[in-house]
Amino acid sequence: AQKVTQAQTEISVVEKEDVTLDCVYETRDTTYYLFWYKQPPSGELVFLIRRNSFDEQNEISGRYSWNFQKSTSSFNFTITASQVVDSAVYFCALSEADNAGNMLTFGGGTRLMVKP
Amino acid sequence: DSGVTQTPKHLITATGQRVTLRCSPRSGDLSVYWYQQSLDQGLQFLIQYYNGEERAKGNILERFSAQQFPDLHSELNLSSLELGDSALYFCASTRTGERETQYFGPGTRLLVL
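For the record, the sequence lines run as chains A and B.
If you read the first sequence in the numbering used here, its first letter stands for residue 1, the second for the next number, and so on.
If you read the second sequence in the numbering used here, its first letter stands for residue 1001, the second for the next number, and so on.
Among the hints, a few may not be true.
As the list claims (entries may be wrong) - Below, computed lysine to aspartate or glutamate pairings styled on DMTMM-like, alpha-carbon distance capped at 20 Å:
no.	chain 1	residue 1	chain 2	residue 2
1	A	K3	B	D1040
2	B	K1009	A	E44
3	A	K38	B	D1001
4	B	K1009	B	E1075
5	A	K38	B	E1100
6	B	K1057	A	D86
7	B	K1057	B	E1098
8	A	K3	B	D1001
Hint data in this document are derived by calculation from the structure and do not stem from the laboratory.
Since the structure is predicted, the reported quantities are computational estimates derived from the model, not experimental observations.
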């Protein structure tokens, strides 16, 4: 069965600090997809990134970067020079290609608080 | 804005009642997913529909049911409501229902008193 663990339930940083959110996953499939979503205080779920299991290249998008390592089953998310607007709950999620559908299994989320 | 719409935004009701949550997928998307976000269970997949047919089922209670209509909008029906059903209910959609990124609606916040 698939599982996603976000061990950090809450992180507090001061603006401009770098912060890394950890995500560890478990799956028996060789083909799977990993996602990060952001949930700001307003409540909606905002898609940030998707990676497939065959693509281990790290990705950078502005202040955001993602480090995918199959050897450690991790898909970590780093925010560089954090800003107050980054305050949100961040979810890592996994989808197995062999699922009958396309269901997402979410981690418990990490609440990030960025203080001015 | 993801293009997925959900109504109502907020719903307050009493135990034992029945409510219907509505979701309209993004234009052209055939598949709709329902998720529940509660404090104790986190974000959990409930059910998926593709072009009117049930595709996958998760931890959905028997008191809950869903359907997808010919115009592709979906409704989630929650009956015999209990206090523990209070949660944020999300709908998401994708074009084909397989191996795609799910884009979420703004959610419906249900409070059962």
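A quick look at each hint next to the structure:
{"no.": "1", "hint": "K3/A <-> D1040/B", "in the structure": "holds, 17 Å"}
{"no.": "2", "hint": "K1009/B <-> E44/A", "in the structure": "holds, 11 Å"}
{"no.": "3", "hint": "K38/A <-> D1001/B", "in the structure": "holds, 13 Å"}
{"no.": "4", "hint": "K1009/B <-> E1075/B", "in the structure": "holds, 14 Å"}
{"no.": "5", "hint": "K38/A <-> E1100/B", "in the structure": "holds, 18 Å"}
{"no.": "6", "hint": "K1057/B <-> D86/A", "in the structure": "violated, 33 Å"}
{"no.": "7", "hint": "K1057/B <-> E1098/B", "in the structure": "holds, 14 Å"}
{"no.": "8", "hint": "K3/A <-> D1001/B", "in the structure": "violated, 29 Å"}
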